[in-house]
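Just so you know, the sequence shown maps onto residues 1 to 313 in full-length UniProt numbering.
Quick caveat, the hints were computed from the structure, so don't treat them as lab data.
From the three backbone atoms N, C-alpha and C, an ideal C-beta is built for every residue, glycine too.
Hints are not guaranteed to be accurate.
[Unchecked claim] Label-pair distances were calculated between CB atoms; the ranges are:
hint : residue 1 : residue 2 : range
1    : Ala297    : Ser99     : 38 to 44 Å
2    : Asp112    : Ala24     : 28 to 34 Å
3    : Arg279    : Asp112    : 26 to 32 Å
4    : Ala291    : Gly94     : 45 to 51 Å
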Amino acid sequence: MIFFRKDEQLENLGNGILESTWSAFGTLARNQIALTWIVYDPPVPVNTGGALTPDAFWNHPVRGFTYRGVERIYPASVVKLFYLVAVNEWLEKGMSQPSKELERALRDMIVDSSNDATSLVVDILSGTTSGPELSTGPFETWKYQRNIVNRYYQSLGWEEMATINVCQKTWGDGPYGRERAFYGEMLDNRNMVTTNAIARLLHSIVGGVAVSSGRSQAMMALLKRSLKPDDLPTDMEEDQVTGFLGGGLPQDAQIWSKAGWTSQVRHDAAYIELPEQKRPYILVVFTEGKAHAQNRAILPFVSKLVVEAINSL
Numbered sequence: 001m002i003f004f005r006k007d008e009q010l011e012n013l014g015n016g017i018l019e020s021t022w023s024a025f026g027t028l029a030r031n032q033i034a035l036t037w038i039v040y041d042p043p044v045p046v047n048t049g050g051a052l053t054p055d056a057f058w059n060h061p062v063r064g065f066t067y068r069g070v071e072r073i074y075p076a077s078v079v080k081l082f083y084l085v086a087v088n089e090w091l092e093k094g095m096s097q098p099s100k101e102l103e104r105a106l107r108d109m110i111v112d113s114s115n116d117a118t119s120l121v122v123d124i125l126s127g128t129t130s131g132p133e134l135s136t137g138p139f140e141t142w143k144y145q146r147n148i149v150n151r152y153y154q155s156l157g158w159e160e161m162a163t164i165n166v167c168q169k170t171w172g173d174g175p176y177g178r179e180r181a182f183y184g185e186m187l188d189n190r191n192m193v194t195t196n197a198i199a200r201l202l203h204s205i206v207g208g209v210a211v212s213s214g215r216s217q218a219m220m221a222l223l224k225r226s227l228k229p230d231d232l233p234t235d236m237e238e239d240q241v242t243g244f245l246g247g248g249l250p251q252d253a254q255i256w257s258k259a260g261w262t263s264q265v266r267h268d269a270a271y272i273e274l275p276e277q278k279r280p281y282i283l284v285v286f287t288e289g290k291a292h293a294q295n296r297a298i299l300p301f302v303s304k305l306v307v308e309a310i311n312s313l
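Given the sequences, and given the hints that come with them, work out the whole structure.
Here's what the structure looks like:
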């Protein structure tokens, strides 16, 4: 069962937003965007510090809209959300030990989207390291260990997680050695997720039920972004607001998000609270294609239309 119910009102608004986007960005093909949008109607079950038990939370109905939300797409750095939750699960269960270095890596992985930090996190999660190619036996063992995060998400039994692949590090220049071999000859083992899977993961964090309420709140603290121009990084490469969903929000809105971008994709996943609005929401938007990956206007454009739609509800 998908975790939200489809809703005619959101369907009409969502389709209208997509049509406006295609008309504003003529070269954006219909199969180059995917979107999942979850709206929390009062009484809101999220961002309460985990006031609801997991059972009560998962039984609380939410409505949403999705377009191509089950399509498998390369997630770029949005995959770091999956590693963030997994590490917190490992720490909670005593499968990993807390350390200053792990804490620093988690912060840099989410706040600055550091690939080097992510490398350490994946090593800690899987008990593996990068390096030269391995002979068949050791490589089979290594691959099995590296798939531990996939096994964790499969074990949750969520329909949205059935098709995802989250076992690869994120790279600046691409993988080498055993990491390149692990990608597969045609890169067929690279990370792949859906906007629905991300929306559900974010829903669990914001609901305070990802691992535990305390850990969910710690994850929220890392995902929080300031929209004030003075607070934005001067380095455009580290700015996960301008050119992303935060770029279409009023400055007094609040956003918790994780963006991802490469030369081929531009993505963002966010939980958003608007001023004077009783309906917070989750918005996950993925765009593909070289020209659109460079385009810093598409995601803010979609985000702005969603703000208008929320205000119209």
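Query raised in the report: Measuring from beta carbon to beta carbon, are Arg279 and Asp112 in 26 to 32 Å?
Result: holds, 31 Å
Query raised in the report: Are Ala297 and Ser99 spaced within 38 to 44 Å by their CB atoms?
Result: For Ser99 against Ala297, whose Cβ atoms are near 41 Å apart, the range 38 to 44 Å holds.
Requested in this report: For Ala291 and Gly94, compare the CB-CB distance with the range 45 to 51 Å and indicate the outcome.
Outcome: holds, 48 Å
Query raised in the report: Do Asp112 and Ala24 keep their Cβ atoms within the hinted range of 28 to 34 Å?
Result: holds, 31 Å
In the structure shown, no violation is registered for any of the earlier numbered hints.
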